[in-house]
Amino acid sequence: MSPRLSIAAAAIVAATVSGAVHADGEKIAVFTKNQTNPFFQAVRLGADNAAKQMNATVLHYVPTKPDSIPEQMSQIEDVVVKKPDAIVFTPVDYKAMTPGVAKINNANIPVVNITDRSEKGNFVTFIGAKDYQLGLQTGRYLLKALGGKGNIVILEGVRGVITNADRMRGFHDALKEFPNAKLLASQPGNYQRLQALQVMENLMQSYSQIDGVMAANDAMAVGAIEALEGAKRTALVIGINGTKEAVDAIKAGKLLATGDYHAYNQGCLSVMAALRYLHKQPVPKEILLPVSVIDRSNYQPYDIAPDQRSCPKWDEVVKQ
Amino acid sequence: MTALTMPRLALSGELRAIGHRLLAVVALCTVLSLMSDAFLTTGNILNVLRQAALVFLLASGLTLVILTAGLDLSVGANVGLSACLAASVIQATGSAFLGAAAGLVSGCAIGLGNGLLVTALRLPPFIATYGTLWVIHGLTYWFMAGATIHGLPPAFRALGSGYWLSVPIPVYLMFVFLAIGIGFARYTTWGQEIYAIGANPVAARLSGVPVNRRLALVYTVSGAMAGLASLIFLARLNSAEGDIGEPLTLPAIAAVLIGGTSLFGGVGTVSGTLVGALILTLVLNGMNLLAIDANWQPLVTGAILIIAVALDVLTRGRDGANR
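These protein sequence lines are chains A and B, in that order. With the numbering used here applied, the first sequence has no gaps in its numbers, which climb one by one up to 320 at the end. With the numbering used here applied, the second sequence has no gaps in its numbers, which climb one by one up to 323 at the end.
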């Protein structure tokens, strides 16, 4: 209990102290989608780490109600008045937030778009990973591990969310490559652990043999594993996002693999890109981090708490 | 004690009311068993009961609150914070018992807080518990800082995923609390006073019912049940994160209302809430068994809930429609 508390307390102290005292460094406002998803927590920690290295200060703006469109909109209005030197922006909704992006653009504040690509707006750069590739490669990895055959179920994220649509396309294209694998059912778990667990329990009632599970995120993958264990059944399960929890499950031999969404590095690079832009250094219009599948053979670099990681060097990741 | 005669009348209709509610369950089950071979199997029935248990436990305490014409919007948030606290205590001390105690205490404390806001400060229940919801969310997010706790001891997990005589443990808990709920509401003075408060708070006060104390009690019970549900939840999921309780509130309220308890208070039963929880669970179960396309699932869910309640209202005739 205490480490978590102290981390939270330290973060709050650091945020307030750095925001108030260091008036010399550039101020960067970082917008993320929610407080609850470990993915965005890692993004924020990466942004903090990069800012510390480059003597800038980061102020975080996170909707108190997860993924709230009106709340992020009013946060943008506040920030535009405060005029930070640059903004790092994840839209809570890639379409609905375009008026917010227009407000930032009108205020002439340079803005870096990360994770979810905004439909419209002028950005210094976009930094993210390809959801389609994540789906395709993790799906492919699962099917190869099954020898190209077997009964598969898919646990979908939230319908209408772009990450889910792209990941599903990836899963389905992977399935097309292996005609001997059979898709039994594709059911929504809404990126939620409990729903994925219950959906998996229900699917196990209708299908006596399930060999592989493709989950659109790690929380659902882990939920599905709980359901399988509860029913004393086994199947190979893959998730997406590369969370610490998923890495632990891989280490324990419960999860086959997860796709790395590079949360921490997205946070690092977004702040670096903003500062490079302010320092008039070149920044490519798009930085797509390579998709990699984390499994038993390569999990070690990920087996570390996000608050203890450190940022990669810009030149190592961004080549020309 | 004139105010107490009315709830007795309401209670006498309990079985009849549930009979109608059960009609929807039977209809759903019949359709599903015709459409899927997997539906009417022991495995799936236990599966549905286990899934319904979580909703029922949360909704049973809430039933008492709604019977007083109150509302508790904070139950989902309560589950989230209580589960996170319980998980942290288990992780720090290694003791499943201490963790369970932490979850229950947290649940009760939040419930008591709601009760005091409603009675001592006389806040409308909607506002009081809506405010509490945000306070709890804030505390949970701060406490967890985006982290996930996972990997709980097997002894604790048995609470959610264990079996006794081939029946899942949560199913036993569901029936135990169903019996306690019916017994409390039907056969104790306190239970009847709760109906009386919901039916007419002024009359209840004038006839000597300690309204504030009973109100504080129902909110505390609702919080305690959220604390208990958080333990089952935690034991089933084997992990806790900041937003896990969020999606539970509306289904719990829906289970109470589908089960025939009136939002205006004074009318309803705990057993009806079980029926409500079953209907909600059967819908998801059925859609999964039939592998209905994700695009259509929200529509199917809404349609079935409306049909289920309409069936009840229509078969009961006009008198029933008002409540």
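Please keep in mind that the hints were generated in silico from the structure rather than gathered at the bench. Be aware that a few hints might be false.
From the structure, some residues in chain B lie toward chain A, with a derived Cβ separation under 7 Å [to be verified]:
#1 Gly43
#2 Gln51
#3 His150
#4 Gly242
#5 Asn285
#6 Leu289
#7 Ala291
For glycine and all other residues, C-beta sits at the position ideal for the given N, C-alpha and C.
Checklist line | Violations among the numbered hints, reported as their numbers in ascending order | finding: No hint contradicted; all consistent.
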